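> The chain contents come next:
Number of protein chains: 2
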Amino acid sequence: MRIGELSTATGIPVPTIKYYLREGLLAPGELTSPNQASYGEAHIRRLRLIRALVDLAQVPVAQVKEIVASLDADDVSLHDQIGRAHRALTPSRKPTASPEARAAAAVEVEALIARRKWTVEPEAPALATLIETVAALRTLGQDNLVAFLDAYAEAVDTFAQLEVQAVSAPTRDQLAESVVVGTILGETLISSLRLLAQESISAERWR
Amino acid sequence: MRIGELSTATGIPVPTIKYYLREGLLAPGELTSPNQASYGEAHIRRLRLIRALVDLAQVPVAQVKEIVASLDADDVSLHDQIGRAHRALTPSRKPTASPEARAAAAVEVEALIARRKWTVEPEAPALATLIETVAALRTLGQDNLVAFLDAYAEAVDTFAQLEVQAVSAPTRDQLAESVVVGTILGETLISSLRLLAQESISAERWR
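Quick note, the sequences are listed as chains A and B, same order.
Position one of the first sequence corresponds to residue 1 (the numbering used here), numbered consecutively onward.
Position one of the second sequence corresponds to residue 1 (the numbering used here), numbered consecutively onward.
Heads up, some of the hints might be wrong.
Which copy? The list can't say, so a pair holds if one copy fits it or any two copies do.
[To be verified] Capping the alpha-carbon separation at 16 Å, the derived lysine to aspartate or glutamate pairs in EDC-like fashion look like this:
id: 1; residue 1: K94; residue 2: D55
id: 2; residue 1: K117; residue 2: D150
id: 3; residue 1: K117; residue 2: E204
id: 4; residue 1: K18; residue 2: E5
id: 5; residue 1: K117; residue 2: E154
id: 6; residue 1: K18; residue 2: E204
id: 7; residue 1: K65; residue 2: D55
id: 8; residue 1: K65; residue 2: E23
id: 9; residue 1: K117; residue 2: E5
id: 10; residue 1: K117; residue 2: D157
It should be emphasised that the hints constitute simulated quantities derived from the structure, not laboratory data.
Owing to the predicted nature of the structure, the values given are computational and were not obtained by experimental measurement.
I would like the entire structure built from these sequences, with the hints used as guidance.
Spelled out as structure tokens, the structure:
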């Protein structure tokens with residue numbers, strides 16, 4: 001199909017598609033003449049993925065580019081795919097805690113990881129975020145919330161087990177896509193559900 | 001204390017503190033001479049909160065300003081405080097789904113809310129995000145993940161009940177702060193824990 005038809009099929013304006021082509025997020029179509037390219041089903045599928053990551057999950061374009069590049073690489077393991085999706089979800093943050101608060105939080109988080117028997121790389125970006133968050137909550141006097149760390153961890157462990165079981169697809173390419181979408185949009189899903197649950201409880205209790 | 005001491009106590013550089021003062025995120029100190037102001041414990045506490053929201057949770061400064069303004073208003077109910085924290089967590093997003101996919105997802109989400117007996121305003125920003133996410137997952141063929149909606153919803157309901165019970169503080173001001181911090185940093189906590197749990201399961205299974 002031509003670029004105009006690709007636009008109609010996906011609802012994405014032609015200039016936006018051209019931008020994704022220029023940025024290397026979308027593979028070029030097959031040239032049918034010097035000025036015309038033809039696109040297929042794989043382009044529709046990829047455009048839907050790009051749109052969900054950019055507009056819905058609000059992942060920066062540079063990171064979406066890295067993610068789709070990894071989807072097209074044959075030599076990237078599923079474990080590495082997950083690692084790339086994780087980096088897209090954990091922007092580097094300025095450290096906010098004092099060195100003492102961070103050291104104490106690191107000890108707490110290490111103990112939690114040992115209790116859960118999790119295998120986690122020391123340089124996992126989510127590990128730094130978790131330690132900073134625990135340190136910030138302690139500094140702000142929100143010890144009540146830190147007391148739920150184990151309850152939170154147990155619940156997310158259940159999620160993650162379900163999510164990994166849910167990842168299934170007929171081909172290796174689609175499996176990798178499923179891992180990326182599940183990781184990133186799963187977070188949007190959990191976040192919006194949590195806010196709705198809170199709103200409901202708050203409406204009963206505090207309105 | 002003077003602004004330099006405030007900086008030492010919080011680890012926040014003086015120019016950053018001056019920026020927060022100019023932007024109205026931090027209340028002015030008490031003038032002790034035309035060129036000098038004095039700051040107290042309340043300023044330290046507020047600066048720590050601002051830093052956690054801006055640098056750790058990455059809430060845009062304009063929304064942090066709205067949140068801290070609501071903390072200082074006596075006539076804002078706790079339910080409204082939660083609403084403001086929720087808006088900070090749910091940026092407005094470009095719609096990505098087709099009208100048909102969105103309509104179908106809205107029916108699914110309505111049914112879920114009815115099953116959970118949640119009381120949710122039709123204009124809750126998290127509701128729109130949830131509907132768009134379900135529509136995107138269906139469009140991308142990730143029906144396996146949508147199948148977990150009820151399991152996710154049940155887990156977040158448990159979180160939210162715990163979180164609302166955990167909110168306790170000696171004064172009304174601190175209660176409001178606790179609600180805001182719990183809502184916003186609780187999300188950072190859950191998100192980083194989920195990524196660590198996924199990494200661990202993925203390492204066992206796919207590395």
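> First find the shortest C-alpha distance between K117 and E154 inside one copy, then the shortest across copies, and answer within, between, both or neither for a cut-off of 16 Å.
Cα proximity of K117 and E154: one copy only (11 Å, versus 24 Å across).
> How would you classify K117 and D150 at a CA-CA limit of 16 Å: within, between, both, or neither?
within (12 Å within a copy, 27 Å between copies)
> Please work out whether the CA atoms of K65 and D55 approach to 16 Å or closer within one copy, between two copies, in both situations, or in neither?
within (14 Å within a copy, 25 Å between copies)
> Check K117 against E204 for me: Cα-Cα at most 16 Å, and say if that holds within a copy, between copies, both or neither.
Between. Shortest inter-copy distance 12 Å satisfies the 16 Å Cα cut-off; intra-copy 38 Å does not.
> Classify it for me, K18 with E5: is the Cα-Cα distance of at most 16 Å met within a copy, between copies, both or neither?
Close inside one copy (13 Å), not across copies (53 Å); limit 16 Å.
> First find the shortest C-alpha distance between K94 and D55 inside one copy, then the shortest across copies, and answer within, between, both or neither for a cut-off of 16 Å.
between (25 Å within a copy, 6 Å between copies)
> Within, between, both or neither: how does the pair K18, E204 come out at a Cα-Cα threshold of 16 Å?
neither (49 Å within a copy, 40 Å between copies)
> Should K117 paired with E5 be assigned to within, between, both, or neither, using CA atoms and 16 Å as the limit?
neither (51 Å within a copy, 43 Å between copies)
> First find the shortest C-alpha distance between K117 and D157 inside one copy, then the shortest across copies, and answer within, between, both or neither for a cut-off of 16 Å.
Only inside one copy: K117 and D157 sit 11 Å apart there, 26 Å across copies, limit 16 Å.
> At most 16 Å between alpha carbons: which applies to K65 and E23, within, between, both or neither?
Within one copy only: 8 Å inside a chain, 35 Å across chains, cut-off 16 Å.
Hint check: violations occur at hints 6, 9; the rest are consistent with the structure.
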